[in-house]
Amino acid sequence: MDLNLVRKLVKLLSESDVDEIEIEEEGKKIRIAKHPSRFAMAPQVAPLYPVAEAARPAAPAAGAPVPAPAPSANIHEVRSPIVGTFYRAPAPDAAPFVQVGSDVQAGNVLCIIEAMKLMNEIESDSAGKVVKVLVENGQPVEYDQVLFILEK
Amino acid sequence: MFKKVLIANRGEIALRVIRVCRQFGIKTVAVYSQADRDSLHVRFADEAVCIGPPPSKESYLKIPRIIAAAEITNVDAIHPGYGFLAENAGFAEICTTSGIKFIGPTHQMIASMGDKALAKDTMKKAGVPVVPGSDGVVPTVGEALEIARGIGFPVIIKAVAGGGGRGMRIVREESELENAYKTAQHEAGQAFANADVYIEKFVEQPHHIEIQVFGDQFGNAIHFGERDCSVQRRHQKLIEESPSPFVDEALRKKMCEAAIKGCKAVGYENAGTIEFLVDKDKNFYFMEMNTRIQVEHPVTEQVTGHDLVKLQLQVAAGERLPRTKIPQRGHAIECRINAEDPANNFRPSPGRITDFHMPGGFGVRVDTHSYNGYQVPPYYDSLIAKLVVYAQTREGAVNKMSSALEEFTIEGIKTTIPFHRQVMRNENFRAGKFDTSFLDSFQFVPEEQ
Numbered sequence: 000m001d002l003n004l005v006r007k008l009v010k011l012l013s014e015s016d017v018d019e020i021e022i023e024e025e026g027k028k029i030r031i032a033k034h035p036s037r038f039a040m041a042p043q044v045a046p047l048y049p050v051a052e053a054a055r056p057a058a059p060a061a062g063a064p065v066p067a068p069a070p071s072a073n074i075h076e077v078r079s080p081i082v083g084t085f086y087r088a089p090a091p092d093a094a095p096f097v098q099v100g101s102d103v104q105a106g107n108v109l110c111i112i113e114a115m116k117l118m119n120e121i122e123s124d125s126a127g128k129v130v131k132v133l134v135e136n137g138q139p140v141e142y143d144q145v146l147f148i149l150e151k
Numbered sequence: 000m001f002k003k004v005l006i007a008n009r010g011e012i013a014l015r016v017i018r019v020c021r022q023f024g025i026k027t028v029a030v031y032s033q034a035d036r037d038s039l040h041v042r043f044a045d046e047a048v049c050i051g052p053p054p055s056k057e058s059y060l061k062i063p064r065i066i067a068a069a070e071i072t073n074v075d076a077i078h079p080g081y082g083f084l085a086e087n088a089g090f091a092e093i094c095t096t097s098g099i100k101f102i103g104p105t106h107q108m109i110a111s112m113g114d115k116a117l118a119k120d121t122m123k124k125a126g127v128p129v130v131p132g133s134d135g136v137v138p139t140v141g142e143a144l145e146i147a148r149g150i151g152f153p154v155i156i157k158a159v160a161g162g163g164g165r166g167m168r169i170v171r172e173e174s175e176l177e178n179a180y181k182t183a184q185h186e187a188g189q190a191f192a193n194a195d196v197y198i199e200k201f202v203e204q205p206h207h208i209e210i211q212v213f214g215d216q217f218g219n220a221i222h223f224g225e226r227d228c229s230v231q232r233r234h235q236k237l238i239e240e241s242p243s244p245f246v247d248e249a250l251r252k253k254m255c256e257a258a259i260k261g262c263k264a265v266g267y268e269n270a271g272t273i274e275f276l277v278d279k280d281k282n283f284y285f286m287e288m289n290t291r292i293q294v295e296h297p298v299t300e301q302v303t304g305h306d307l308v309k310l311q312l313q314v315a316a317g318e319r320l321p322r323t324k325i326p327q328r329g330h331a332i333e334c335r336i337n338a339e340d341p342a343n344n345f346r347p348s349p350g351r352i353t354d355f356h357m358p359g360g361f362g363v364r365v366d367t368h369s370y371n372g373y374q375v376p377p378y379y380d381s382l383i384a385k386l387v388v389y390a391q392t393r394e395g396a397v398n399k400m401s402s403a404l405e406e407f408t409i410e411g412i413k414t415t416i417p418f419h420r421q422v423m424r425n426e427n428f429r430a431g432k433f434d435t436s437f438l439d440s441f442q443f444v445p446e447e448q
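Sequence lines, in order, name chains A and B. Start counting the first sequence at 0; every next residue gets the next number (numbering that gives the first Met the number 0). Start counting the second sequence at 0; every next residue gets the next number (numbering that gives the first Met the number 0).
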């Protein structure tokens, strides 16, 4: 395996929005990914509208904020376990559950996702500080969509 | 007509429905598991919603996620395809209470035809010939024995909640009955969470012949002729054709009339198929009714010139069925191309397709979600393409299928293409002489692939 090639590919990957490169040549295959442990690679910003042509799941939308530039053990993504509509607060006139800067424990409610007229309280699966809220109030979310970034 | 439809399915049928919607100018919403992110149905829908991880239980069968997806995309209707939730009465009911039109029959019709013993009883009362058997559930061994003696051996013990060939036991002699009864109950309890069984006369080496029916919201019922689906392996259909080489005009008339009677008896709505067993003496018996569009519907489309999925949408939107008799002409055959290895007991063969080329030409149709580079996932059924040919005669259709199969190229995974090629060369198949025991004695010869 050509180490120079590997170095170049790693550099290419870290300098771009691309999450994963796979090259096969003459029976040799190399795959380099930014988040190798995760199944779903695509940054999940506005995934529902309109998913046409090249803007399919793998390609990040131009100008869309990509969460966390580099994977590190400190960063935790809270993902939606269901499909529904995202709400930041328990009621329309109430204060949001969390803000950027809030400290949360595992088990704290971060938001509500409404599905089939039921309000599902979504609990954090990790302790940490909220550094980013990726979804707007009232926005539809799909399964596994990233909702919050926590810094541990 | 609907403005937006969600397709609660995947693979080739999802793409099929999306195509019809596009023709009507209906917007489409695809739902997909993480394993289907690069699937064609996701690519060609107007919107797509990820509903879960790869396992079906966690995605395509997850009713709350599908309904939630329908709500956030504001669809008018859901098309359930086949399999998955297509015959789930609970799902159909939830669609209705959520204000979404379920493209298919009502949940009551699904429930009544889904209970095999009840369905048989309903048909019997409507004057449709049924296989002699118990009147409903057989609760004790003692009754089982009495009924079996009355019908005459061989008999078959079947699960009330079963289907697709599962939860069945054939009993040839009285001495085997008690064990078979208890085993069948145990198996049924495990597989379907319902240990109830019923008993029927076992029809030896029957032909499996089904009638495509349609009902509308105005009480009309029509038929589109028959399909012969006798070429089956372990009760899974592999090849279907229309018309059936075994059915003559007199039998066709009787069977279609019976099917219409059955349809009207339940006030059936939308697409349905009534399956019959036909013995060597051309006696036919109701087996079950499938309350959905079926995999092999293209065969009927080719010989009648009607788009059945389009008709589903029209009927669901409140239109009347055509009043004229449906014409039948020519001959159509479908081969199910599965990602399975016929040289190794049809073992599933998921993986990446490295070379993909479909046949084409006059009277050659391929319904598929596969493409060059597609990664066939291991989580779902193995059907990756349907090759359907149409010709003016059966001989013409068999020859055309042979030549289309020669051209059909799928590399990187094993498929049933080599198997189908050999069936098309088989003397009995070519002569139209086969029943459901055909594949029991068919020997596949492994080739160099």
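Because the hints were derived from the structure by calculation, they are not lab data. Don't be surprised by glycine CBs; every beta carbon is placed ideally from N, CA and C. Warning: the hint list may mix true and false statements.
A short list of chain B residues far from chain A (calculated; beta carbon distances all over 12 Å) [claimed, not checked]:
#1 LYS2
#2 ALA47
#3 PRO63
#4 ALA68
#5 ALA69
#6 ILE155
#7 LYS236
#8 GLU405
Within a straight-line C-alpha distance of at most 30 Å, the following computed DSSO-like cross-link-like pairs (lysine-lysine) qualify [claimed, not checked]:
#9 A/LYS116 - B/LYS260
#10 A/LYS116 - B/LYS324
#11 A/LYS116 - B/LYS26
A quick look at each hint next to the structure:
1. LYS2: holds (15 Å)
2. ALA47: violated (5 Å)
3. PRO63: violated (6 Å)
4. ALA68: violated (5 Å)
5. ALA69: Not fine: 9 Å to the nearest Cβ puts B/ALA69 too close to chain A.
6. ILE155: Holds, because the least Cβ-Cβ distance between B/ILE155 and chain A comes to about 41 Å, which exceeds 12 Å.
7. LYS236: The claim stands: B/LYS236 keeps its Cβ more than 12 Å from every Cβ of chain A (closest is about 33 Å).
8. GLU405: Answer for B/GLU405: holds, closest chain A Cβ roughly 30 Å.
9. A/LYS116 - B/LYS260: violated (41 Å)
10. A/LYS116 - B/LYS324: Given pair A/LYS116, B/LYS324 is violated - Cα atoms ~46 Å apart, limit 30 Å.
11. A/LYS116 - B/LYS26: Roughly 24 Å between the alpha carbons, so the hint for A/LYS116 and B/LYS26 holds.
Hints 2, 3, 4, 5, 9, 10 from the list above are not met by this structure, while the remaining hints are.
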